[in-house]
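> The residues making up each chain are set out below.
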Amino acid sequence: MKPKSVLIELQPKFEKNAPAALADTQLRRNMGKATQTIRGKRAAVVGEMDDWEQLREAGRAIKERTLRHLDRYLLQLEESVQRAGGQVHWAADAEEANRIVTRIATSHGAREVIKIKSLTTDEIKLNAALAEAGITATETDLAELIIQLAGEHSSHILVPAIHKNRAEIRELFMRKLGIAELSDEPKALAGAARTYLRQKFLSVPVAVSGGNFAVAETGAVCVVESEGNGRMCLTLPQVLISVVGIEKVLPTWQDLEVFLQLLPRSSTGERMNPYTSIWTGVSAGDGPREFHLVLLDNGRTSVLADEIGRQTLNCIRCSACLNICPVYERTGGHAYGSVYPGPIGAILTPQLVGVENAASLPYASSLCGACYDVCPVKINIPEVLVHMRGKVVRQKQDAGGLRALLDPENAAMQTMARVFGSRALYERAQQLARAGQGPLVHDGHITALPGLLGGWTAMRDVQAAPQQTFREWWAQRKDEG
Amino acid sequence: MQVSLFITCFNDTLFPRTGQAMVQLLERLGHRVEFRREQTCCGQMHVNTGYQREAIPLVRRFVEIFRDAEVVVAPSASCVGLVRDMYGHIAELADDAALAREVAILQPRVLELTEFLTRLGVSDVGAYFPHRVTYHPTCHSLRVLRLDEAPVRLLRAVRGLDFVPLPDADQCCGFGGTFAVKNADTSMAMLGDKLRAVRETKAEVVVAADNSCLMQIGGALHRQRAGIAVMHLAEVLAQTEGGR
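Residue numbers (our numbering), protein chains in the order written: chain A, 162 to 642; chain B, 430 to 673.
Bound-form chain A, shown alone (with noise of 0.2 Å):
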């Protein structure tokens, strides 16, 4: 059973969705923005390293080589946070992680629990669980913060609200949290949530967490942030809950020092993010009284046993891929219809809950390539894209009977593919093109195709096929010798 958790919406449909978030002037305007800036930081604090590429190269393989063990390095991590005074819980699915989150939270009479801006908490939406459990979790990340108060979803894996500008919050600040004078400059704003958030960090007993990275030899856990707010989390309440991807693991504490240069400059363009917090079980006297990691499947094993699939389980979650995403640029997040969107959610989505269940999202990209480009961690982005739209083509064509025989994209391709197969069915195929167009063609150019191509035609005109092909030239020109 694959996990659709991750999913926002039930079987999204990219090309759908896409034309309203393309008609929003206001999204537009502020995620060209956006990612603009922050892709042009990105690419100063990257462009002064001599060894980018080596680092790279070396997350790359550090990430491989983890993989390559997985089994080995969780295990060494569940005995590291024992030793260290933690407690070490497994969870196959979303629904799992969301109970064992609930029950210690439940066991501590919690009503109220306090949030580190978490993806994968996000993914198996915890938030929700919690609620129906009668315990409310409140965010504490700025933006995760205007989400919620908005009752949004995230457009954005690492700034969640970048959807929205200066404008839009002061308005959903001055409503939701009743405040009746508010400048839309970013300290003011800022400042409206320190103070709705402070009394939260000191009254509220149990926090949850992600996790950036977890080491297996010394069972320390790493979160990386901006706001500190993570920090007040990590150290103030009595309980702290950690909901950690498997695939998070680091095999010793060195390999930190390659991940804390890729991350921050890919993610924020920063030289080094603001705040850093590590901790290793717990110790008396100081920070949370009691540690609770849960480490989570949810789809990750399965993408594990993918040859050419699995290395986007190397991702650490930069979103240097979403910024530069000429698509992503224009679209936003929400079209992706997933908690991960951009050119990683549209090789990742797929693979977690099943291609039958986002079969839109691998065609969801030119191929460019910039994706991969940025990446960190060297995750070929355009090869798991073609890779997964060979899946969905499988899945289509496997599924049999008449839907499958009658796809007109399935049955243009076969055509097409016998017609490449043979000289004589090309050539022949050539001319009745030229025949064929006949009726479409208007001073040299088509303005209007029919059937599946007509989305060409829409917007732009084609040239027609010339009365001579280049084969035919050739041939007259070895004639007249």
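Nothing false has been slipped in among the hints.
With a straight-line Cα cutoff of 25 Å, these simulated BS3-like cross-link-like pairs (lysine-lysine) come out: (1) B:Lys611 with A:Lys174; (2) A:Lys557 with A:Lys163; (3) A:Lys163 with A:Lys286; (4) A:Lys202 with A:Lys348; (5) A:Lys337 with A:Lys286; (6) A:Lys177 with A:Lys163; (7) B:Lys611 with A:Lys557; (8) A:Lys163 with A:Lys174; (9) A:Lys177 with B:Lys611.
With the Cβ distance kept under 10 Å, some of the chain B side facing chain A (calculated, not the full set): (10) Asp441; (11) Arg446; (12) Glu483; (13) Lys611; (14) Ala613; (15) Met617; (16) Ala618; (17) Leu650.
Worth flagging that the hints you see were computed from the coordinates, not collected in a lab. The beta-carbon is built from N, C-alpha and C at its ideal position, and this holds for glycine as well.
Here the structure of chain A is known, so what remains is to put chain B in place on it, guided by the hints.
The following block gives chain B in isolation, referenced to the frame of chain A:
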């Protein structure tokens, strides 16, 4: 050198002038040119749309046709990119070790036109083209073949040519093969920004190493009656003063 042309099905059928220009250019530079008539398609559309199984016979066919060629040269960065980047995968999918070996031997000899000229150390092809020109580096020329500045160097050496750089040149035009049809709206949003950059240059002609991307850019320029032409790099490099 004996150059075997891989014209590509797309150029053969829709843009024969590009192939003709390549013949003219390569012969002018002193090469012997041949065209193996059995060639059809490299399989790019099938592979990139997910019909990799269907592309296996096309990969076999390509290898059979060109295995003994000294060098294969094509006027398409994306088709050459497919041969060099993906043919190994397809041979693996076919579970055919012999094919994989033949692919690996042939791959380094399949070159895009600019690559071929650069490897020969040619920087000035003796062309003449008195027009204001901008250059769009197509994604596969940039990020698969890594042509970098080579095409621009060739253009800058053309006599009479007024070269003007394209703003945000490395941004995709939105073509992406079947992407332009499946996600026509997103493709058009990407194209819109490319057209704005093109207009900013006040160029008369947009040049690129792929007619597919030029069909996207040129198709919209024609629809908008923009009065800006598109031309394949080979066609510009083939032009000489007085046609000599």
